[in-house]
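Those protein sequences? They're chains S and X, same order as listed. Residue 69 in the working numbering is what sits at position 69 of the first sequence, and the numbering runs on without skipping anything. Residue 425 in the working numbering is what sits at position 159 of the second sequence, and the numbering runs on without skipping anything.
Keep in mind that the hints were calculated from the coordinates and are not lab data. Be aware that one or more of the hints could be misleading.
[Stated by the list, open to error] Under the rule of at most 25 Å between Cα atoms (straight-line distance), these lysine to aspartate or glutamate pairs were calculated in the DMTMM-like manner:
#: 1; chain 1: X; residue 1: 416; chain 2: X; residue 2: 285
#: 2; chain 1: X; residue 1: 416; chain 2: S; residue 2: 142
#: 3; chain 1: X; residue 1: 416; chain 2: S; residue 2: 8
[Stated by the list, open to error] Listed next, the stretches of chain S that the computed footprint assigns to chain X, with coverage defined by at least 3 CB atoms under 8 Å from CB atoms of chain X:
#: 4; segment: 6 to 14
#: 5; segment: 55 to 62
#: 6; segment: 68 to 75
#: 7; segment: 210 to 218
Here a beta-carbon is modelled for each residue, glycine too, at the ideal position from N, C-alpha and C.
Take a look at the letters that make up each chain.
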Amino acid sequence: MNCQEAQDLLHAYLDGELDVIKDVAMTQHLQVCQACAQAYNAQHQLRSALHTHTLTFAPPAHLQQRIRSAVRQASAAGLPPRAWSWRWLGVGVAAAAVGLILWRLVLVGSGLTTEDLLTQEILSGHVRSLMAQHLTDVTSSDQHTVKPWFDGKLAFSPPVKDLAGSGFPLVGGRLDYLDRQPVAALVYQRRQHVINVFSWPSAHDTAARAQRLTRQGYTLMHWVSGGMVYWAVSNLNPHEFQEFVHLMQSQAAMPSSPSEHRPAGQ
Amino acid sequence: MRISSSVQEQRRQAHSTLERFEHTVLLHLDAAYNLARWLTRNDHDAEDVVQEAYLRAWKFFSGFHGGDSRPWLLTIVRRTCYTWLQQNRAHELVTAFDEEHHSLESADSNPETLLLQRLNAEVLRQALDALPVEFREVVVLREMEGLSYKDIAAITDVPQGTVMSRLARARKRLQQWLAAHTQGDRH
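With the rest of the complex left out, here is chain S (with noise of 0.2 Å):
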């Protein structure tokens, strides 16, 4: 066996892939060539590196749960298929409204704040927004682009700031329903993250210091301030995310035009 042979077969080598004939040319070779010694040696510390430590991520607890579930309620809506009948929709509807009952219940018995709610509104429409391919109704880096976009679609003009010379580029803005009424949302984003920013005018005046959140793995903030309601969620780390958050109070603070109102006294 040659070295060049050999480059060609090292990973099958390492991997125990070789035939019992090519992987004993290849232990020979090994004993008298250096250069290729030295090739092995340097893939097998790596794989060794790879095998000593704890690589793998292991699944959260409530997800067999969860997965259990959601499969034992499509087999009982899909399998097998002649047994669907009229008969199960009928005991489906009934329990989706003792389903309906009971969350009401919860909600009512667990003592769930509106703020809880609305917390859980937010996540699930920048959630959805990430899903259903609908992260923004209007594309542009431009605040000058996606500012007079809402004019005409919301009550309010939401302060719009491009980032990019902060690291964090204004994808794009979009229409939102969140809290029972209409709401702009902007999206910017850091490396892969998404973040979704929701605004909308504050029904008090009193401007609030923000407030961290964690629910599910995403990180929400949300502060008052010139007489708007913010939140912006994503998953990006808690560090980046509280300078985006730092970035976006400053800029905000600043009239950016004649149409963002101020509050009227404090």
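Model the placement of chain X on the given structure of chain S, informed by the hints.
Same frame as chain S, now just chain X:
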């Protein structure tokens, strides 16, 4: 109200299929999640993708006739991941494609020697994360799941020779990345 015997029979069958599914396919949740997590690089996305993959697996389960259910499930998980990436982060797939046809490394360059004591799980994870998705998946399937070239070829839908060359390139890149990031003070 009497349920006819044929309906009862169908329900029994459905139930036993479900049990068989849970006893074979659901067993591989760890492997399924690990692959999805490495391909999507996000906890939450991985959960959604795995659930979607399991629903697909359930749909196709009647077409699964014994054998090793782990590669079978991982094929579905991988496809679900790619569909998800296509819809949400198409640029990651494009990068991977370009890079595969634009090989940077020369075959004769000296292998990098790694300072083992400087390697920890965190650094290794970063190195793997930095790989294009098509390289990352072969490393995960080979080094973490211990699958054969044959199984990896079936899962990733490429010939075994391609599995080998992708592994070779992936490892070369890992070594270069690790050498650059753990021995920076030397240069």
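Verification of the supplied hints:
no.: 1; hint: X:416 / X:285; verdict: 29 Å, violated
no.: 2; hint: X:416 / S:142; verdict: 50 Å, violated
no.: 3; hint: X:416 / S:8; verdict: 18 Å, holds
no.: 4; hint: 6 to 14; verdict: holds (count 4)
no.: 5; hint: 55 to 62; verdict: holds (count 6)
no.: 6; hint: 68 to 75; verdict: holds (count 6)
no.: 7; hint: 210 to 218; verdict: holds (count 3)
The earlier numbered hints that this structure contradicts are 1 and 2.
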